[in-house]
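Undergrad: Here's the letter readout for the chains.
2 protein chains.
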Amino acid sequence: MRADARANREDLLQAARDLTGEKGLDVSLRAIAQRAGVGVATLYRHFPTCRDLLTELLQGLLADLRAAAERFHSGEEDLSARWRDFAVHVAAVNLTAVAVTRQSMKERDLPHRELMEAAEGEILELMESVASVVRAARIVRADVTGERFLLGLMTVMRPLLPEVEQVLPDQRAWLLDAYLRGLAAG
Amino acid sequence: MRADARANREDLLQAARDLTGEKGLDVSLRAIAQRAGVGVATLYRHFPTCRDLLTELLQGLLADLRAAAERFHSGEEDLSARWRDFAVHVAAVNLTAVAVTRQSMKERDLPHRELMEAAEGEILELMESVASVVRAARIVRADVTGERFLLGLMTVMRPLLPEVEQVLPDQRAWLLDAYLRGLAAG
Chain X
1 MRADARANRE
11 DLLQAARDLT
21 GEKGLDVSLR
31 AIAQRAGVGV
41 ATLYRHFPTC
51 RDLLTELLQG
61 LLADLRAAAE
71 RFHSGEEDLS
81 ARWRDFAVHV
91 AAVNLTAVAV
101 TRQSMKERDL
111 PHRELMEAAE
121 GEILELMESV
131 ASVVRAARIV
141 RADVTGERFL
151 LGLMTVMRPL
161 LPEVEQVLPD
171 QRAWLLDAYL
181 RGLAAG
Chain Y
1 MRADARANRE
11 DLLQAARDLT
21 GEKGLDVSLR
31 AIAQRAGVGV
41 ATLYRHFPTC
51 RDLLTELLQG
61 LLADLRAAAE
71 RFHSGEEDLS
81 ARWRDFAVHV
91 AAVNLTAVAV
101 TRQSMKERDL
111 PHRELMEAAE
121 GEILELMESV
131 ASVVRAARIV
141 RADVTGERFL
151 LGLMTVMRPL
161 LPEVEQVLPD
171 QRAWLLDAYL
181 RGLAAG
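Just so you know, the sequences run in chain order X and Y.
Note that full-length UniProt numbering gives residue 54 to position 54 of the first sequence, counting from 1, and the numbers run on in steps of one.
Note that full-length UniProt numbering gives residue 109 to position 109 of the second sequence, counting from 1, and the numbers run on in steps of one.
The set of hints was computed from the structure by calculation and includes no laboratory data.
Keep in mind that the hints are not guaranteed to be accurate.
The list treats identical chains as interchangeable, and a pair is accepted whether it falls inside one copy or across any two copies.
Stated by the list, open to error - Heads up, simulated SDA-like pairs for lysine to any residue below, C-alpha to C-alpha not over 20 Å straight-line:
hint: 1; residue 1: K106; residue 2: L161
hint: 2; residue 1: K106; residue 2: E163
hint: 3; residue 1: K23; residue 2: T101
hint: 4; residue 1: K23; residue 2: L57
hint: 5; residue 1: K106; residue 2: P162
hint: 6; residue 1: K23; residue 2: V100
hint: 7; residue 1: K23; residue 2: E77
hint: 8; residue 1: K106; residue 2: S28
hint: 9; residue 1: K23; residue 2: H89
hint: 10; residue 1: K23; residue 2: A99
hint: 11; residue 1: K23; residue 2: S104
hint: 12; residue 1: K23; residue 2: Q103
hint: 13; residue 1: K23; residue 2: P159
hint: 14; residue 1: K106; residue 2: A31
hint: 15; residue 1: K23; residue 2: P169
hint: 16; residue 1: K23; residue 2: C50
hint: 17; residue 1: K106; residue 2: T55
hint: 18; residue 1: K23; residue 2: K106
hint: 19; residue 1: K23; residue 2: A91
hint: 20; residue 1: K106; residue 2: S132
hint: 21; residue 1: K23; residue 2: R148
So that you can see chain X by itself, here it is in the shape it has in the complex (with noise of 0.2 Å):
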């Protein structure tokens, strides 16, 4: 690929995570095009369904995760620290947009069924390889689960109203920090 269409594909791909992170999976290609800065051919061109788009986005998302992960277990800061980098690097990825609009789409926008069960599987996998740590540490206490962590931490992250945003910019940032408080080991 040439550099000018490799630098397309990644803006493309940067204005998808974006887009669907604000909105959900239900946003338009041309949405993501124009918020890229390129034709909807273009787009097209590099993604010829709604399904490539986002099999790609779900790959990048998995990728993301995994390194979140991987920076946990190997990392060589304090333990609470990192445990706190993980929680706000996930809660940013914003996986609540995702799930939320999920019911609908139509089956054949959506990346293959067996490949988003492996990918919610694998999910799941890491947050529980992260969280039994925390457990076993007592940084956090010992019903936080893997997916009790995610799903709360999902809904935590969930905007309430667009007014929120204007009257107290701070408050999804707040409200993080209280759940993982509220998380936290007596």
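Model the placement of chain Y on the given structure of chain X, informed by the hints.
TA: Below, chain Y alone, put in the same frame as chain X:
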């Protein structure tokens, strides 16, 4: 009003409370009548318009929150226990569904704008009247304002996905507990 008419009216309001708590304001009057076990004609006799019904619901919700704040302020129990009871009660009122779906409603179906603004103001005052007491007593952190508390609670209580209830039926209660622990003064 005759006793059976009063009973019908109460059943209708309860059905409306339940359904709007589950699905938000955008429920059909037909669904409410069905849930209450009465005909649509009976519903229209009691509440000629959607606005009439939602205005009555709003008044009930306000009365409910006023009573909860009143119990908090005048209760005899230990302050921490009263704070917890108050939070659990506000969580059960389920303002989330109402707030989230309000935007998609037609203005003419909603209570008058002044009424809604007055209600919002009063709700925030009630929250702050309670939050200021638990802040002063150092039961919660100094940054827990009534507004932050309420917005956080509404976020935490929002159902993420119907599947979650099936996989982890106690996830919402678990998350509410985590949230309240996270607000506690260290």
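Undergrad: Are the hints correct? Go through all of them and say.
TA: For each hint, the structure was consulted:
no. : hint        : result
1   : K106 - L161 : between (26 Å within a copy, 18 Å between copies)
2   : K106 - E163 : between (30 Å within a copy, 18 Å between copies)
3   : K23 - T101  : both (8 Å within a copy, 16 Å between copies)
4   : K23 - L57   : within (14 Å within a copy, 31 Å between copies)
5   : K106 - P162 : between (27 Å within a copy, 18 Å between copies)
6   : K23 - V100  : both (10 Å within a copy, 15 Å between copies)
7   : K23 - E77   : neither (35 Å within a copy, 45 Å between copies)
8   : K106 - S28  : within (13 Å within a copy, 26 Å between copies)
9   : K23 - H89   : within (19 Å within a copy, 31 Å between copies)
10  : K23 - A99   : both (11 Å within a copy, 18 Å between copies)
11  : K23 - S104  : both (13 Å within a copy, 16 Å between copies)
12  : K23 - Q103  : both (14 Å within a copy, 16 Å between copies)
13  : K23 - P159  : both (10 Å within a copy, 17 Å between copies)
14  : K106 - A31  : within (18 Å within a copy, 27 Å between copies)
15  : K23 - P169  : within (18 Å within a copy, 27 Å between copies)
16  : K23 - C50   : within (16 Å within a copy, 30 Å between copies)
17  : K106 - T55  : within (14 Å within a copy, 38 Å between copies)
18  : K23 - K106  : within (16 Å within a copy, 23 Å between copies)
19  : K23 - A91   : within (15 Å within a copy, 26 Å between copies)
20  : K106 - S132 : neither (36 Å within a copy, 49 Å between copies)
21  : K23 - R148  : neither (24 Å within a copy, 24 Å between copies)
Going down the numbered hints, you'll see the structure goes against 7, 20 and 21, while the others check out.
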